[in-house]
Structure formats: structure tokens, C-alpha cells
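Student: All chains should be modelled from the sequences, with the hints used to inform the complete structure.
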Amino acid sequence: MISRLYIDEAVMHHPVVGAVQKSLPAIPVSVVPDAVKVHEALAAMKDPIAAGKRMLFLTRNRGPFIKKCPGTKSYTCCGYQILHIGTYCTMDCAYCILQAYFHPPFLQYFVNQERLFKELDDIVSSRKPPFHRIGTGEFTDSLIWEPWTEPSRSLVPYFAQQDRVVLELKTKTSSVENLRGLEHNKKTIVAWSLNPPAIIRNEERGTASMRARLRAAAQCEAWGYPLAFHFDPLILYEGCEKDYEKLVRELFTSVSAQNIVWISLGSFRFMPSLKPIIRKRFPKSRIIYGEFIPGLDGKMRYFKPLRIELYRKMAAWIRALAPDVMLYFCMEDQEVWKRALGFIPEDRGGLPRMLDESAARHCGVVI
Amino acid sequence: MVVVSRTIKYADKVVPIAEIDTKDDTCLLGLRTDPDALLVSIRTLGLINPPLLRQRRDLKYQIVCGFRRIMACNALGLREIKVRVLKESFTELDALKLAILDNRSHRKLSVVEQAQGIQKLSAHLPRQNRLEMLSSLLGFPENQKVFKKIKALSLLPVVIQAGVEDEIVSFEAAVDLNGFSHEDSLSFFELFRVLKLSQNKQREVITLVQEIALREYLKPGEVLQSEGIRTILGRPELNKNEKGSKARAYLKRRRFPTLTKTEERFSKELKALKLNEHIKITAPPYFEGGPHKLRMTFKSLKDFNERRKTLDAMAKNPALKRLLEPFDDK
Ligand code: SF4
Numbered sequence: 001m002i003s004r005l006y007i008d009e010a011v012m013h014h015p016v017v018g019a020v021q022k023s024l025p026a027i028p029v030s031v032v033p034d035a036v037k038v039h040e041a042l043a044a045m046k047d048p049i050a051a052g053k054r055m056l057f058l059t060r061n062r063g064p065f066i067k068k069c070p071g072t073k074s075y076t077c078c079g080y081q082i083l084h085i086g087t088y089c090t091m092d093c094a095y096c097i098l099q100a101y102f103h104p105p106f107l108q109y110f111v112n113q114e115r116l117f118k119e120l121d122d123i124v125s126s127r128k129p130p131f132h133r134i135g136t137g138e139f140t141d142s143l144i145w146e147p148w149t150e151p152s153r154s155l156v157p158y159f160a161q162q163d164r165v166v167l168e169l170k171t172k173t174s175s176v177e178n179l180r181g182l183e184h185n186k187k188t189i190v191a192w193s194l195n196p197p198a199i200i201r202n203e204e205r206g207t208a209s210m211r212a213r214l215r216a217a218a219q220c221e222a223w224g225y226p227l228a229f230h231f232d233p234l235i236l237y238e239g240c241e242k243d244y245e246k247l248v249r250e251l252f253t254s255v256s257a258q259n260i261v262w263i264s265l266g267s268f269r270f271m272p273s274l275k276p277i278i279r280k281r282f283p284k285s286r287i288i289y290g291e292f293i294p295g296l297d298g299k300m301r302y303f304k305p306l307r308i309e310l311y312r313k314m315a316a317w318i319r320a321l322a323p324d325v326m327l328y329f330c331m332e333d334q335e336v337w338k339r340a341l342g343f344i345p346e347d348r349g350g351l352p353r354m355l356d357e358s359a360a361r362h363c364g365v366v367i
Numbered sequence: 001m002v003v004v005s006r007t008i009k010y011a012d013k014v015v016p017i018a019e020i021d022t023k024d025d026t027c028l029l030g031l032r033t034d035p036d037a038l039l040v041s042i043r044t045l046g047l048i049n050p051p052l053l054r055q056r057r058d059l060k061y062q063i064v065c066g067f068r069r070i071m072a073c074n075a076l077g078l079r080e081i082k083v084r085v086l087k088e089s090f091t092e093l094d095a096l097k098l099a100i101l102d103n104r105s106h107r108k109l110s111v112v113e114q115a116q117g118i119q120k121l122s123a124h125l126p127r128q129n130r131l132e133m134l135s136s137l138l139g140f141p142e143n144q145k146v147f148k149k150i151k152a153l154s155l156l157p158v159v160i161q162a163g164v165e166d167e168i169v170s171f172e173a174a175v176d177l178n179g180f181s182h183e184d185s186l187s188f189f190e191l192f193r194v195l196k197l198s199q200n201k202q203r204e205v206i207t208l209v210q211e212i213a214l215r216e217y218l219k220p221g222e223v224l225q226s227e228g229i230r231t232i233l234g235r236p237e238l239n240k241n242e243k244g245s246k247a248r249a250y251l252k253r254r255r256f257p258t259l260t261k262t263e264e265r266f267s268k269e270l271k272a273l274k275l276n277e278h279i280k281i282t283a284p285p286y287f288e289g290g291p292h293k294l295r296m297t298f299k300s301l302k303d304f305n306e307r308r309k310t311l312d313a314m315a316k317n318p319a320l321k322r323l324l325e326p327f328d329d330k
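For the record, the sequence lines run as chains G and X. Sequential numbering of the first sequence, starting at 1, is according to the numbering used here. Sequential numbering of the second sequence, starting at 1, is according to the numbering used here.
Simulated from the structure, these hints should not be mistaken for laboratory data. In this text, a Cβ means the ideal position worked out from N, Cα and C, and glycines have one as well. Some clues are possibly wrong.
[To be verified] Simulated restraints on C-beta separations:
id, chain 1, residue 1, chain 2, residue 2, range
1, G, VAL36, X, LYS219, 38 to 48 Å
2, G, LYS67, X, ASN178, 36 to 46 Å
3, G, GLU250, X, PRO236, 55 to 65 Å
4, G, ILE66, X, ALA313, 49 to 59 Å
5, G, THR72, X, ALA315, 29 to 39 Å
6, G, LEU321, X, PRO157, 55 to 65 Å
7, G, THR72, X, PRO318, 46 to 56 Å
8, G, LYS280, X, GLN199, 45 to 55 Å
9, G, PRO294, X, PRO318, 24 to 34 Å
10, X, PRO318, G, ASP47, 55 to 65 Å
Tutor: Quick look at the structure:
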């Protein structure tokens with residue numbers, strides 16, 4: 001897995017660094033003045049994007065730990081906040097935006113978590129800006145760090161002792177062992193991205209199988225955690241409807257709809273710069289050859305009626321088994337909402353409000 | 001600019017053409033040695049400028065400069081010609097450089113000649129500074145991107161390289177063809193021979209075919225051989241231009257079936273609105289969202305009132321509602 005550890009000299013004496021080194025005893029270590037050395041090492045590799053998944057750089061976050069999710073005006077955003085604990089991922093999904101987002105991408109973990117908790121304290125106590133949902137799964141997978149840095153062991157109890165904000169841990173792994181026995185007070189939602197086995201097999205290298213994800217979800221449910229699921233990216237392919245329908249059925253036979261805080265639907269979208277990367281790194285992948293058009297935010301999206309059609313079906317399958325579950329679209333416009341779900345978020349107070357209310361119902365946050 | 005660092009010494013000689021290895025193209029840059037244009041001049045004036053040769057170890061002569069002149073003399077039935085033979089032991093690389101500089105002394109090399117030059121010189125040049133040396137010798141900008149493109153051209157079948165010179169396929173489109181098997185790239189080339197397409201359209205066709213092939217698990221050549229394309233190419237009443245647009249429309253429909261259907265539905269409803277050339281409605285790009293655009297032109301109040309009437313009629317026409325909801329199948 002990790003083949004080399006780089007340590008920013010500014011944090012070399014930080015206790016987290018020692019803990020990581022202990023968990024990776026046989027890995028060569030370089031202490032470096034900054035990320036430039038990592039960039040140089042990657043530049044010499046044949047596939048720097050893959051190589052970046054095996055190089056871990058321990059450093060400090062110089063910017064804010066809490067960031068607003070980068071939504072756009074043209075599509076309805078859910079008003080999520082990102083808890084920026086680190087970047088990149090050890091798994092390798094063909095469609096992963098992170099391949100094109102960082103130049104070059106590599107595993108980077110911010111050890112100066114004292115400041116992270118200070119930022120959280122400020123926000124929780126001041127209640128400004130008012131937000132109620134935060135997650136670590138935007139620039140990385142939330143649970144890949146567990147074997148080395150165990151972030152959940154400090155984050156989950158932290159969120160448990162307040163009632164303002166829920167933490168969402170979003171993953172494609174089944175590494176939930178560290179969550180066992182933690183005081184969570186229902187303020188941590190454990191969430192999985194789901195796709196049918198055919199997509200996992202072909203497009204999501206190194207991720208947990210669909211069954212393993214659902215087993216892990218059931219396990220978390222048994223430990224009392226609220227759950228969430230993201231059918232994102234939904235990918236159109238021959239036979240996809242049958243597969244997605246089956247996946248929805250499997251979801252609800254694995255966990256109870258009552259414990260699901262929300263389910264999101266998002267069709268595959270990508271920055272144009274990702275296309276050549278997918279073509280090169282995943283030559284067998286067909287996902288970029290769908291009927292994509294440039295969206296209003298510059299990302300390529302399935303032509304609208306195709307998205308609406310799949311959303312409608314997904315919504316119907318989900319509604320049939322879980323009529324009350326909070327279902328929403330990630331980055332879609334009002335027309336899609338109206339045509340696929342029959343209403344627009346503004347009719348119900350707006351999407352952020354709808355999600356906050358669901359978090360209040362399931363997790364007891366005070367909004 | 002590369003300089004050949006010594007004065008070139010040569011001996012004037014008369015040699016039998018049979019002793020010249022005309023098949024040795026080591027120093028040939030272009031693809032053609034077609035002598036036609038020189039025949040008349042040599043027949044009337046003789047060979048004014050003697051070709052430059054290098055004697056090989058097997059004592060046969062290798063042509064350094066003057067391929068076409070020698071071919072012309074051969075075609076005219078001459079047995080012996082006046083030549084200049086390099087005196088010192090020139091290496092193959094030196095001879096090649098000399099040939100390039102000789103060509104460049106009176107004109108710019110074509111991109112195909114540059115491609116040939118890259119192919120022939122690369123083996124002799126050290127990796128370090130290779131780009132710098134090649135660009136200086138062959139006269140292209142010292143830039144990795146440009147270099148990669150010209151190199152890509154050099155890897156294509158010769159007939160396609162010649163097609164770039166003959167403007168059957170554009171340079172950029174030819175570069176795109178480099179990613180395909182020779183068989184598939186030749187299929188594209190055959191198509192471009194019979195269609196009239198601008199550079200951008202050639203590139204669009206390449207992308208469409210490639211993506212259709214990947215999506216439908218076919219070879220690009222199979223897409224190009226499909227019934228739809230063959231029917232278009234087989235229609236004698238169409239000229240090259242018309243065939244080009246029909247072929248593109250066919251490929252676009254196959255690659256983007258739902259989008260094409262929606263565009264057609266939109267055009268149909270637009271027609272049903274019976275607007276005139278003074279009023280135009282445009283759909284939002286790709287029907288993704290955002291407003292439709294209405295453009296109206298008028299010169300006078302009278303014009304304006306007429307347009308207003310047209311707009312009133314348009315508002316009452318049920319086609320307008322259908323036009324605004326292009327995703328509804330009914
Ligand atoms: S699991 Fe998520 S972060 Fe990791 S490679 Fe896949 S898409 Fe990217």
C-alpha cells in the first residue's frame with residue numbers, strides 16, 4: 001500500500017507523525033522542507049496519479065480546515081461544509097475527480113489537528129456561520145486514514161458532545177472497526193457511495209464490494225450510528241436499470257429505512273480535463289462515452305432527459321421501499337427536481353433546510 | 001541554426017547511373033522523387049547543378065542531394081551523369097544533415113519533411129538535447145508539444161503523410177490518427193479522400209467514430225464501413241461537401257441519439273411556429289437550462305407592429321409549448 005512516507009520538517013516532532021511511523025514500520029521515510037520533493041518524486045513516475053496513492057506526505061494545513069462545499073449557482077447545492085483532514089485516496093476509481101483536481105495528487109494528511117478542533121470549537125460555540133452538516137469525504141475517502149491516523153477516534157467523540165452539527169463520514173471502504181464502541185450520540189452519520197457490482201468491478205479499483213459495504217453499514221446501524229447513502233455517480237450502461245433496482249432492494253434488505261438520514265442521487269459528471277486521464281489510465285472504461293453535454297458549470301453531464309429518466313426510476317424504486325426517506329439530488333436544477341421528484345426544494349424551505357431537518361429528526365441536532 | 005563545421009570538399013566526377021543506389025533513401029526527406037517537373041529542363045539545358053553523392057563501403061553511391069535530378073536523368077535514358085562526390089569520409093548523420101541544410105538553404109521544410117527528418121535523425125542523436133538539435137536542424141519551434149505532433153505524423157503510414165502534403169487530411173487530423181492502428185487510420189484516410197471536410201470537421205469525425213467504436217465495442221474501421229456511411233458515400237447525386245455533412249450528421253446521431261432527437265423535435269416545432277426571417281428563437285445550449293433566446297429585427301414602427309402580430313400568433317400556437325418542453329415525448 002504505502003511505499004514511501006514523506007514528513008514535512010515543520011511537523012516532524014508532532015505526536016501524530018510518530019504514531020503514523022509506528023503504524024508503517026518498514027516504510028522508507030524522507031523528511032522534506034515542503035511538498036516540492038514529493039512533486040519531484042512523482043514527476044519521475046510513469047503513472048504519477050497511481051504513484052501518488054502510495055506516497056503519504058504528513059504535513060500541516062496552512063489554510064482553513066473547514067471549507068464550504070464548492071457548489072455552483074446554476075445547480076441546487078446542499079450547503080455542505082467540508083472538514084479538510086487530508087487529500088486523495090488509496091482506492092482508484094476511474095471517475096475520481098481527485099485525479100484531475102490536485103496537480104499532482106498524492107496522499108496528504110494534516111497532522112495539526114489542534115487547529116482543526118479549535119476551528120470546530122469556534123463554530124460550534126459561536127453558531128456562526130450557521131451550518132449543521134459537515135463531512136470529511138470531499139477531498140478524500142473518510143475512512144482510508146483509519147489504519148494510520150485513526151481520525152474517527154477523535155472526531156466521533158468530539159461531535160458526540162455537542163448538538164449543533166452532524167459529521168458525515170463518507171466511504172467506499174468497509175473499514176468500520178474503529179467506530180465500534182465510540183461514544184457517538186448519533187452525531188456521526190456513516191455514509192456509503194453505492195453502485196452495482198458491475199461498476200465496482202470495472203470502475204472502482206480497490207474499493208469494498210457492494211456486499212461488504214452493505215454489511216459494514218448494517219454493522220454501523222447495529223452500533224447505533226445513523227446512516228446515509230449516495231447513489232453517486234449513477235452511471236448509464238446497458239442493463240443499468242435492472243442493476244440499480246436490485247441494488248436498491250439489497251440496500252433496504254440490509255438496513256432499515258428509519259435509520260437512513262438521507263439518500264442522494266447524482267449522475268456521473270466530470271470536468272473535461274478528466275476525460276484524457278480516464279482514457280489513459282482506464283483504457284477499458286466506457287463511462288466517458290455516454291451522451292454527455294457541457295453543463296452550466298462547465299462539467300460534462302448526461303443529457304438532461306437521460307438524467308431525469310434514471311432519477312425518476314431510482315426515486316420510484318426507493319420510494320416504494322422507503323416512502324419517507326429524505327431523497328435529494330446532488331447538483332441538479334429545478335427542472336430535474338420537478339420532473340423527477342415532483343417538487344422543487346424551494347417549496348420545502350430549500351435543500352439545506354430539508355437536510356438539516358432530517359439531521360434534526362435522526363441525529364437530534366438543534367437547528 | 002546548425003552549422004556543418006567544416007568546408008565540404010568534393011570531387012567532380014562523371015559516374016554511371018547504374019552505380020548510384022537510387023533505392024537508398026537515407027538522405028531523402030520528402031516522400032516523392034517524382035521527376036516530371038525537371039524532365040523538360042534537363043532535356044533542354046542538361047544537368048546544371050550536379051547532385052551530391054557519397055560513396056559507400058560497397059563502392060555504390062548514395063544520394064545525398066539531388067534525388068529528383070537523378071530520377072529525371074534516369075527517366076531520360078542517360079547512362080552517365082556529372083556528380084559531386086564527397087571527398088572525406090562523411091558519416092551517415094553528416095550526410096543527412098547536409099541534405100537537410102541543402103534543402104533548407106532555398107526553402108522551408110514541409111511538416112512531412114520535418115517528420116521524416118525526425119524519424120531519420122533521432123536514431124543518431126543523443127537523448128540529451130535531442131529536441132534542441134532536431135528543432136534547430138529541421139526548423140520547427142523548440143517545443144515539446146510541436147515536436148510530439150510532428151513525430152506522431154512520422155509514425156503514420158506513408159500514404160497518409162503524403163495525404164497531408166496533398167491536403168487530403170489536415171496536419172492536426174493526421175496527428176489524431178496516430179492513436180489508431182494503421183488499418184483504421186487508413187480507413188479514415190479513405191473517407192477523407194471522398195468527403196470535403198475542414199480540419200475541425202475531420203477531427204470531429206475522428207472523435208465521433210472513435211467514441212462510437214469504443215461504446216459499441218467495434219473497431220473504428222467497422223464504424224466507417226457501416227451501412228449508414230456506405231449509403232451516403234454511394235449516392236452519386238451528392239457532391240463531396242454534401243456527403244461530408246450527411247456523414248457527420250449520421251455519426252452525430254449515432255453518438256448522441258437522444259440529443260439529436262431532441263434537436264430535431266425542436267426544429268420541427270420551430271417550423272410549426274411559422275416564424276419569418278425577422279424573428280428567431282434559439283434553445284439554451286444543449287437544452288441544459290437557462291433561457292431561450294428570442295431575436296427580433298425591425299426597421300420601422302410598421303415593422304415592429306407586424307412582428308408583434310407574429311409574436312401574438314406564436315403565443316397562441318400550441319407548438320410553442322411543445323418547443324419549450326422538448327423532453328416531453330407526446
Ligand atoms: S473512493 Fe472516492 S476518493 Fe477514493 S478514488 Fe474512489 S472516488 Fe476517489
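Student: For each hint given before, does the structure comply? Return the numbers of the non-compliant ones in rising order.
Tutor: 7 and 8
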